[in-house]
Amino acid sequence: MNGKGQAATSDADGHTALVRYDSVSMTYPSRRGRPPLKALEPVDLSVERGEFICLVGPSGCGKTTLLKITAALLTPTQGSVLFKGTPLSEPNRAIGVMFQKPVLLPWRTVEKNAFLPAEIGGTMGPDTADRVAKVLSMVGLHDFATALPDQLSGGMQQRAALARTLVYEPELLLMDEPFGALDEFTREAMNLELSELTSHSGITSLFVTHNIPEAVFLADRVVVMSPRPGRVSGVVEVPFPKPRRVDFMRDPAFTDLTFEVRSILAEAEDKSRKAKETRP
Amino acid sequence: MSTYTVTDQDTGAEVELDVYTRDKDPERWKWRAIAIVVVLTFLLIWELLPRLGLVSTIILPPVTEVWAGLMELLGQETFPNHLRVTLIEMLFGFVIGTLIGFASGVALGVWESVKKSVYPLVVAFQSLPKIVLAPLLITWFGYGIESKIAMAVVISFFPVLINTMVGLETVPDEARQLMRSLRASKGQVFRKLSLPHAAPLIMAGIKTGLTFAVIGAIVGEFVGSSEGLGYLLHAYGFQLRIDKVFAVIVVLSLIGALLYFAIDWLEKRLIYWRSDTTLV
Chain A
1 MNGKGQAATS DADGHTALVR YDSVSMTYPS RRGRPPLKAL EPVDLSVERG
51 EFICLVGPSG CGKTTLLKIT AALLTPTQGS VLFKGTPLSE PNRAIGVMFQ
101 KPVLLPWRTV EKNAFLPAEI GGTMGPDTAD RVAKVLSMVG LHDFATALPD
151 QLSGGMQQRA ALARTLVYEP ELLLMDEPFG ALDEFTREAM NLELSELTSH
201 SGITSLFVTH NIPEAVFLAD RVVVMSPRPG RVSGVVEVPF PKPRRVDFMR
251 DPAFTDLTFE VRSILAEAED KSRKAKETRP
Chain B
281 MSTYTVTDQD TGAEVELDVY TRDKDPERWK WRAIAIVVVL TFLLIWELLP
331 RLGLVSTIIL PPVTEVWAGL MELLGQETFP NHLRVTLIEM LFGFVIGTLI
381 GFASGVALGV WESVKKSVYP LVVAFQSLPK IVLAPLLITW FGYGIESKIA
431 MAVVISFFPV LINTMVGLET VPDEARQLMR SLRASKGQVF RKLSLPHAAP
481 LIMAGIKTGL TFAVIGAIVG EFVGSSEGLG YLLHAYGFQL RIDKVFAVIV
531 VLSLIGALLY FAIDWLEKRL IYWRSDTTLV
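Line by line, the protein sequences give chains A and B. Residues in the first sequence are numbered from 1 upward in steps of one, following the working numbering. Residues in the second sequence are numbered from 281 upward in steps of one, following the working numbering.
Check before you lean on any hint, since a few could be wrong.
Unchecked claim - Some but not every residue of chain B turned toward chain A, in silico, with C-beta under 10 Å:
#1 R312
#2 A315
#3 A455
#4 L458
#5 S555
Unchecked claim - With a cut-off of at most 27 Å between alpha-carbon atoms, the simulated DSSO-like pairs for lysine-lysine come out as follows:
#6 A:K112 <-> B:K548
#7 B:K395 <-> A:K112
#8 B:K395 <-> B:K466
#9 A:K112 <-> B:K410
#10 A:K242 <-> A:K84
What the hints assert, rightly or not - Computed far set for chain A versus chain B, every beta-carbon distance over 10 Å:
#11 G50
#12 P91
#13 Q100
#14 P106
#15 E119
#16 L148
#17 E184
Just so you know, the hints here were simulated from the structure itself, not pulled from any lab data. Because the structure is a prediction, the values reported are computed rather than measured. The beta carbon of each residue, even a glycine, is placed where N, CA and C say it ideally should be.
Could you build all of it, start to finish, from the sequences and the hints given here?
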């Protein structure tokens, strides 16, 4: 940890952000003779409680790396992540993770999959079943509690994964392109529901995607990242009330914002190409 | 006949349904009938070849004589003992081999250090045609059932070992990360993720192990024994009682089939989910 990281637990107003990245950078060590891979240049960012942040950027820009660092599945080479003011060193149950794949255990029913976190955390109690039932109906799976995952469609599988994450009421929800494998219609429906769910529960969300309209639709702030090695090349605020509805996409401001994100991306890409060309 | 056709054509939708169901059934029965005819033809040729003097009855006794030989064999006073001995050898060899294979597969699949240090030896052992061990095992364990059990163990543990190891090693990364994000202990990862994930593969290994145990017991009896079905097979062969040889073969294939169906039945109950699923 560096000295800079410890000084910056809170900002000028003295209040603590839920997550704070202090010059977090990541270089993957060299492997099988290949040179070390610089995935992330120092990132500074803070995420406020209840905020919905979308990370967008081209493939390999380190957005997944940043998400995994936040989940403490990876340790940054430099800098630190402060969660509620304390440095994250190992996975935290107050942080829920959703992956690109649903990662459901195929031998467990939807309900039993949702029980998994409580089972592992040893927090199975008399109210666990109620909580699971409540969360399953929140994501529209109450009729499928006893179905096995392979009996569900892709969208329903991700709903089940979302339910599993929500059951233990995390304060921070990390999502790595969770709807990337779904068809366009299902994805749109899932985004609507996600906006509804997260704004009602007040949960803080960090959502990785490479779909610009999706990012603008969901986010309070869209964090745009540059091609590898990734760094934050711009932040676009989306000052519209949540939950977002379909007609938000018809708003001219929506188009303007997606365009803004797009131009930041294009600029960053341009810069990185020029940087590569000038390199000897 | 023609009246039926007319009424069918009057109601459009029902015709198709009728055609569909009527079409499916006769196809199925047709192929079943053909399969039975093939078997009967095979038996008929077997019967006729020696009867017509095309093949010596000493080399190939007609099916009817094999049947008579089988009945005679089943009626023999000593037969139950031979059957019992071979069954004990197979089952003990199978159970012990499976347990050893599973335990060592777990050790190799869970601990990297064990795999690195022991795997070369395991591979070297596997490349050995294990039948060559039969004379040695008889020298070590004697003419009784112990040497045959040892032979069955030696030959049947390997598929269980390999499948257990591979099954435990092929747990997808994302599922491991999910468990880590939930702060699962090593024991929990093993019990709730790795072992059920490996179960279908382990079961396949056990099935192969069962077939191998049957082979092991019989081969052991061939090399040196005074009782058992393998001994009978050997003895009748020397006596040129080919009808009895075939009768013992029939008994052995029945045992093999019964054991296989038993384990297949067990597998269908234990592995109730689709194991080729891409969820995890």
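Going down the list of hints, with the structure as the test:
Because the beta carbon of R312 of chain B sits about 31 Å from the nearest beta carbon in chain A, more than 10 Å, this interface hint is broken. Nearest Cβ of chain A to the Cβ of A315 of chain B: about 32 Å, over the 10 Å cut. The hint is violated. Hint on A455 of chain B holds. Least Cβ distance to chain A is approximately 5 Å, under the 10 Å limit. Below 10 Å, beta-carbon pairs count as interface contacts, and L458 of chain B has one with chain A at about 5 Å; its hint therefore holds.
Residue-level restraint check for S555 of chain B holds (minimum Cβ-Cβ distance to chain A is 8 Å; threshold 10 Å). In summary, the hint linking K112 of chain A to K548 of chain B is supported, as the alpha carbons are separated by about 20 Å, within the 27 Å threshold. Taking the CA atoms of K395 of chain B and K112 of chain A, the gap is near 33 Å; set against the 27 Å cutoff, the hint is violated. In summary, the hint linking K395 of chain B to K466 of chain B is supported, as the alpha carbons are separated by about 18 Å, within the 27 Å threshold.
At most 27 Å may separate the alpha-carbon atoms for a hinted pair to count; K112 of chain A and K410 of chain B exceed this at roughly 45 Å. Between K242 of chain A and K84 of chain A the CA atoms are separated by roughly 24 Å; this keeps the pair inside 27 Å, and the hint holds. Every CB of chain B lies more than 10 Å from the CB of G50 of chain A, the least distance being 22 Å, so the non-interface label holds. At roughly 5 Å, the least C-beta separation between P91 of chain A and chain B is not larger than 10 Å, which violates its mark as non-interface.
Q100 of chain A, annotated as away from the interface, has a beta carbon of chain B within 10 Å; the closest lies near 8 Å. Separation of P106 of chain A from chain B is inadequate, the least Cβ-Cβ distance of about 5 Å not exceeding the 10 Å criterion. Against the 10 Å criterion, E119 of chain A falls within the reach of chain B, whose nearest CB is about 7 Å from its own CB. Taking the minimum C-beta to C-beta distance to chain B, about 6 Å, the non-interface status of L148 of chain A is violated against the 10 Å cut.
Interface exclusion of E184 of chain A from chain B stands, the closest Cβ pair being 21 Å apart, more than 10 Å.
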